[in-house]
Structures are given as structure tokens and as C-alpha cells.
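Engineer: Protein chains in written order, with this note's numbering: chain Y, -17 to 359; chain E, 119 to 313.
One thing to keep in mind: the hints can contain errors.
Distance ranges between label pairs, derived from CB positions [stated by the list, open to error]: (1) Y:Pro234 - E:Arg158: 32 to 40 Å; (2) Y:Gly117 - E:Leu265: 27 to 35 Å; (3) Y:Lys336 - E:Leu265: 51 to 59 Å; (4) E:Ser271 - Y:Arg176: 54 to 62 Å.
Coverage of chain Y stretches by chain E, computed from C-beta distances (three or more under 8 Å per stretch; other residues unrestricted) [said to hold, decoys possible]: (5) 65 to 74; (6) 104 to 117; (7) 218 to 229.
A few chain Y residues that don't get close to chain E, going by computed Cβ distances all over 10 Å [unchecked claim]: (8) Cys12; (9) His39; (10) Leu133; (11) Glu137; (12) Ala168; (13) Asn172.
No lab work stands behind these hints, which were simulated from the structure alone. Quantities reported herein were computed from a predicted structural model and do not represent experimental measurements. Backbone N, C-alpha and C define an ideal beta-carbon position, used for all residues, glycine too.
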Amino acid sequence: MGTLTTRFSTIQDPDEKHKFLLNMGPQHPCTHGVLRIVLEMDGEYAMGIDPILGYGHRMHEKMAECRQWSGFYPNTGRIDYGGAIPYNHGYCALIERMAGIEVPERAEYIRVITVELNRIASHFLGVGAYVIDLGAFTPILYMFDDREDILDALEDITGSRLTYCHHRVGGVSKDIDDLFIKRTRAIIKNIRSRFDMYDRLVTGNIIFQKRTKDVGIIPVEMARRYGATGPVLRGSGLGFDIRKNEPYSVYPEFDFDIPTGENGDAFDRYMVRMLELEQSLRIIEQALDKLPDGPVMAKVKRVKLQPGDCSFSVEAARGMLTYYLVGDGSNVPYKLKIRVPSYSNLSLLEELCKGSLIADLVSAMGSLDLIIPEIDR
Amino acid sequence: MSLSTELVKILNAVEIKAVEADYKKQGYHVEVLLNKDQVRDFSKIMLEKEFYLDFVTAVHIESGFQAVYQFGHFEESCHVNAKAVTKDGTIHTICDIFHGANWHERETHDFYGLKFTDHPDLRVLILDEEDADLNPLLKKENKLKSLEKITRSEESQDKPAKSVKNKAAAKIREKKAKPEVKSEDKQDDKPAESS
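Start from the sequences and build out the full structure, keeping to the hints where you can.
Structural biologist: Structure representation (C-alpha cells):
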């Protein structure tokens, strides 16, 4: 790898001789992956922030242009390894929208159940890793215990534990059975019984509160300029969620709320994630109750991507995910753009943390819940 | 009046081509076709109307690039897709209006070599610095298509599979009848410049 020039490769102004450069990452634990940040430090304060991306870059968009659309299924599970199933869902729904394919109702319910289970697992990963950044080691062990149950259940029906590839155009690849339903109900009960403990262990912890309250405040207007979505935006008090704003799949049939914060600080973003766990549990419960019988796969003839563009947005665990596809009449996409939520969420870091303590930078960055390979694609 | 109808009226009033799209088929509510020099005026209107930036990207076509901008709205269900064709590979930046466009434009510059004029900091973002001129998403000449071939048209919308089939059959028939005319047609189709 060649030398990477940053915006502040030299500090020449004699008045600024006391400033120094600090290289954070690409192996720093709080960057959750391989993100490098060059900081221009004035004592303990970060006066300039320059994130350098690309260590996990795989050029998924080029791969999409080099194969038939059906060959891109496995890639969708490898963009965001924290919450892969919404990526599956978005891609299948995009092709279905382009080709006008109707999905059987049971398949839509199974999609919602798996997506919400994955969202819970992803929030446990995000919150657990965040709390570890702030110095508390215990919560992640409990959260991974809960997450493990979900992964076991998902493994039974999808065959994988992390990089899922379960949804197909026209339905899902495998039906769920009674064992899965029984297990999922047990998981719901178990997670609900733990909420009190999480409140006492993390939310009520005075050190945690001092590290997160009034740190990294994002006003709504700033979120709009950068296109931040997901819990990052909802923490600022705006209840924007694609599941409600532009309903897709069978989400309109469920009764659930969109939790929002008030101040837009790191604590509010954490709280939004914890409250979303309960909402996801509610959706899964209702879906299991209402689960209709029938086939899980529609009869799909060979799909040709008609000329023209099409876009589909879903609510992934970290915010709004948009697939944008341009077809040319063949079965190979002419162009596929994947708009990932973390990308826009990270781009506001510089404005957010300019002039803050480096400890607050770690706290604010952790609260964005970034998955770096998702940003690099 | 819904936001999309209102927006179409506002845009048409300042001579920007905008039509309401079929959300069920296209996934956005308003489609905007911009001239290259309207990009900034259009973005200012979008910021005024409190839209947020979804993404910026480009499509490589025979006559150059098509820059694609997508916007959404936090309160109302309204996605706006705007396209601007640039033949010389440059287009004006919007990153001082929507700050989030900064990274999207840098990424597009990495992948396509599309130059965003007046961008404050057009360094490589995702690629390695040694590969800054690689532009991995540029297509080879034999795979390049013209703008018409990747644009939605009424006949292709109705029965995609059939029309494709018919076209193929028609091509073969045509070839059998007059092969020399066919080859001339092909040459005419290709525009002289391609960047």
C-alpha cells in the first residue's frame, strides 16, 4: 500500500507547532473493523478529523455488473455482517418490484420474522461493542448470550449464522417449522426477562451516563444535510423509519411504535436501540400469531431486467438501505448502486466531533454503531 | 396537495423537467431530468423543501456519464430521483449545499473518474492512492450502451420478455433479408465521441 496523504500531512505554521498528528486505526478496537482516522490534536482535543476508508473494500457494485442478477444473492449477505438479512430482503424486493412478482403471504411473514430477529441480534452486537468501548466488559457477555439463541434459531432455517442468504426472488428458500416457532417464542420471553437487568447494568450506570449524556449531539438539521438515518436520526427526536414512512412487505399489518430520543446525544441513540428491541419483539410476536399457511415460494419464470431504473429502500438495522438498479433488457444489471446507512452516518463525524475530547470522540463514534466493511463495500 | 405534486409544480415553474413517477414500479415518486447546469439550483430547492440526500452516483453511458441524485423526505413519503447527463465528464458539485454529498461525490470520482468542479477535496476515498486512476466501474467499449437503451419506454414496460424476443427475431429476419443495410445502421447508432 502506498503512502496515503491526509489533509494534515504536515503542520508548518509556527504558531501551531504544539499541534500533533495522531493515527487512530486501522486496528484500533473502537473503530469496529478497519477504519483509520487521522486526528490533528491540540493536547487532548481533536481539532481535525479525517477518516480514511477502503481497507475492507471489495467492489460489490462491480461484481453485480459482472454476473446475472441471481448470482448476486450471496454478496448481499456479506456487505453488512452485523445485520445481513435486511440486505437480502432489499435486493429480492428490488428485483420483484422490477419484474412485478407477487410474493406469497407466508413468505412475507417469514421475511419479516427473520429480518426482525436479525435486527435484534445486530442491536445486541452494536450496543455490546459500544459499552465495551466505554470500559464495561460484562454487558456484552449477557448480550452475546441472548444473541447466540437468535443465531441458533436462524441457523436452523437459513443454514448460516452470520452471512445469511435466505430470501429469494419470489419468496424464501426454506419454510419455518414448529420447532422454530417454539424456539422463537422462548427467545422472546427470555429477552423480555432481561430488560430489567440491562437497565440496571448499563442504562442506570453512572459512569455510562457521564460518558454518553451531552456527548456528540446531532441536531435534526445536521442529520438532514448529511442524510443520516436509522437510530442516529431517531435519537435526535425525528421518528423517521422506512417501515412506517414508506411501508413495504407486510409491515402495515403490525402494530409497533418508533422510539425516538430528545437531545440527539450518544445516550439517546443508545436508548433508541434498546427500545427498538422491544418493538422488534412485538412485531415478531404478532407475525407468529398471524402466520398464514400456504406456499413460501412463488412460481418465478426467468426474469429479465427491463430497461430503466428502479430503487427500493428498506430499514436495515443501522438505517435506510437503498438499492438502485439500472437494467438494460438482459439479465445482468447494467448498474447497481448500494446506498448503505453507515456511510452517511459516518460522514458527519468530522462536524460532530471537531474540538471535542478524544474520549468523547470514541463515545460519539461508538454510538453511531458503524460496520466498516459495510461502508467500504 | 401531496408533496410530490407540489414539487413538480415548483420545479416546472423554474424550467426544470419533472414528472411524477409510478412509485410501485420505480421506487421513487418524482423523476427529474436536469441539464448539466441546473444541478445546483435544483439542490437548493431540495434543501429549502427540507429533503435529505439519499445518494449520488453515476451511470457510464456511450455519450459520457449520467449523474444520478436521489433525495428523500423525513416527514412525508416522497423520493425524488434526478438525472443529469454530462458529456465531458465534469459536473458541478453540490457538496456545499448538502454536506453529505461530499463523500458520495468523492466515491463517484473514485469509481468513474467523473470530475466534480469546485469540490473542495477530491482525494481518493475508497480506493488506494496508487489506484486513483483505475476507475473500476467504467465499462469496456463493447459493453457500453446508449442512454435510450437503459431508459424506461412504454413498449418495453408492458411486456419485457416478449418485446426482447420479438426484437431478437426481427434482427435475425432483417439480417437474412439485407445484411448490408443492417451494418450501416449499426454505425449510425454509435455517436462519434465517447469519453
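Engineer: State for each hint whether it applies.
Structural biologist: Evaluation of the provided hints:
no. : hint                            : result
1   : Y:Pro234 - E:Arg158: 32 to 40 Å : holds, 38 Å
2   : Y:Gly117 - E:Leu265: 27 to 35 Å : violated, 56 Å
3   : Y:Lys336 - E:Leu265: 51 to 59 Å : violated, 42 Å
4   : E:Ser271 - Y:Arg176: 54 to 62 Å : holds, 56 Å
5   : 65 to 74                        : violated (count 0)
6   : 104 to 117                      : violated (count 0)
7   : 218 to 229                      : holds (count 4)
8   : Cys12                           : holds, 21 Å
9   : His39                           : violated, 5 Å
10  : Leu133                          : holds, 30 Å
11  : Glu137                          : holds, 32 Å
12  : Ala168                          : holds, 37 Å
13  : Asn172                          : holds, 35 Å
In summary, the structure is inconsistent with hints 2, 3, 5, 6 and 9 from the numbered list given earlier, while agreeing with the others.
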